[in-house]
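Chains V and R supply the protein sequences, listed in that same order.
So for the first sequence, this note's numbering puts the first residue at 935; every next one is plus one.
So for the second sequence, this note's numbering puts the first residue at 9; every next one is plus one.
These are computed hints drawn from the structure, not numbers from a lab.
Heads up, some of the hints might be wrong.
Label pairs and their in silico Cβ distance ranges [to be verified]:
| # | chain 1 | residue 1 | chain 2 | residue 2 | range |
| --- | --- | --- | --- | --- | --- |
| 1 | V | Ser1007 | R | Arg77 | 43 to 53 Å |
| 2 | R | Val61 | V | Gly962 | 26 to 36 Å |
| 3 | V | Thr1036 | R | Pro90 | 24 to 34 Å |
| 4 | V | Ile973 | R | Gln11 | 14 to 24 Å |
| 5 | R | Leu54 | V | Val946 | 22 to 32 Å |
| 6 | R | Phe73 | V | His944 | 38 to 48 Å |
| 7 | R | Pro90 | V | Thr954 | 30 to 40 Å |
| 8 | V | Ala936 | R | Ser106 | 25 to 35 Å |
| 9 | V | Gly993 | R | Thr118 | 24 to 34 Å |
| 10 | R | Phe73 | V | Pro1018 | 39 to 49 Å |
| 11 | R | Arg59 | V | Gly962 | 17 to 27 Å |
| 12 | R | Arg77 | V | Lys1012 | 43 to 53 Å |
To spell it out: a stretch of chain V is covered by chain R in this simulated footprint if at least three of its residues, at any positions, have a beta carbon under 8 Å from a beta carbon of chain R; those stretches are [stated by the list, open to error]:
| # | segment |
| --- | --- |
| 13 | 979-989 |
| 14 | 1018-1032 |
Please read all numbers here as calculations on a predicted model, not as lab measurements.
The C-beta atom is built at its ideal place from N, Cα and C for all residues, glycine as well.
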Amino acid sequence: NAGVIQTPRHKVTGKGQEATLWCEPISGHSAVFWYRQTIVQGLEFLTYFRNQAPIDDSGMPKERFSAQMPNQSHSTLKIQSTQPQDSAVYLCASSLGGSAETLYFGSGTRLTVL
Amino acid sequence: QQQVRQSSQSLTVWEGETAILNCSYENSAFDYFPWYQQFPGEGPALLIAIRSVSDKKEDGRFTIFFNKREKNLSLHIKDSQPGDSATYFCAASASSGSWQLIFGSGTQLTVMP
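Turn these sequences into a full structure, and let the hints steer you where they fit.
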């Protein structure tokens, strides 16, 4: 079991460019979560999928962020027109039963927007 | 308004001492409190968790003490080791919205050899 896999580990984009982050949850886990981690804001919930269906995107900035889970083996987080304030570590996590009781996090994607 | 608050940004102890990390919360609906441990370059990993029906949870050198009336809890790390040096996050969730885990800002623990 390789755990939650996130790619790329690091991504550098120019202001205004698009960034797509990938997550492969642990096989058999029914829930996928995306969090954003910064020094200032800490760990912020972004969005949650259960059995591939979007359940809660209340943490997602509405205009430029979107997330999808086209199949049970991967999820993507897309940021359009990236801004310097989007620079953060984006963490994906999965859980077996759909709740947040035991989250298994990936190592994250460090996004730097120049 | 921080729903989950960790009072110390950083804590330094000597090897062999007991490290005590504190956490408090606002929302009375919270009933599940995990602690996550994060090493640099890695994602957080669940260390130990407690439900509000208990006042203590022990797992090896790690113990959570929980005070429901005061809305606070603490993580005690007995016989601290340099390998315990990491950032520790207190978190909370409520049964009603059980996918929403609210994290504290973290305490960076350094264990000096």
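Practice task
Give me the numbers of the hints this structure contradicts, sorted from smallest to largest.
Solution key: The structure breaks none of the hints.
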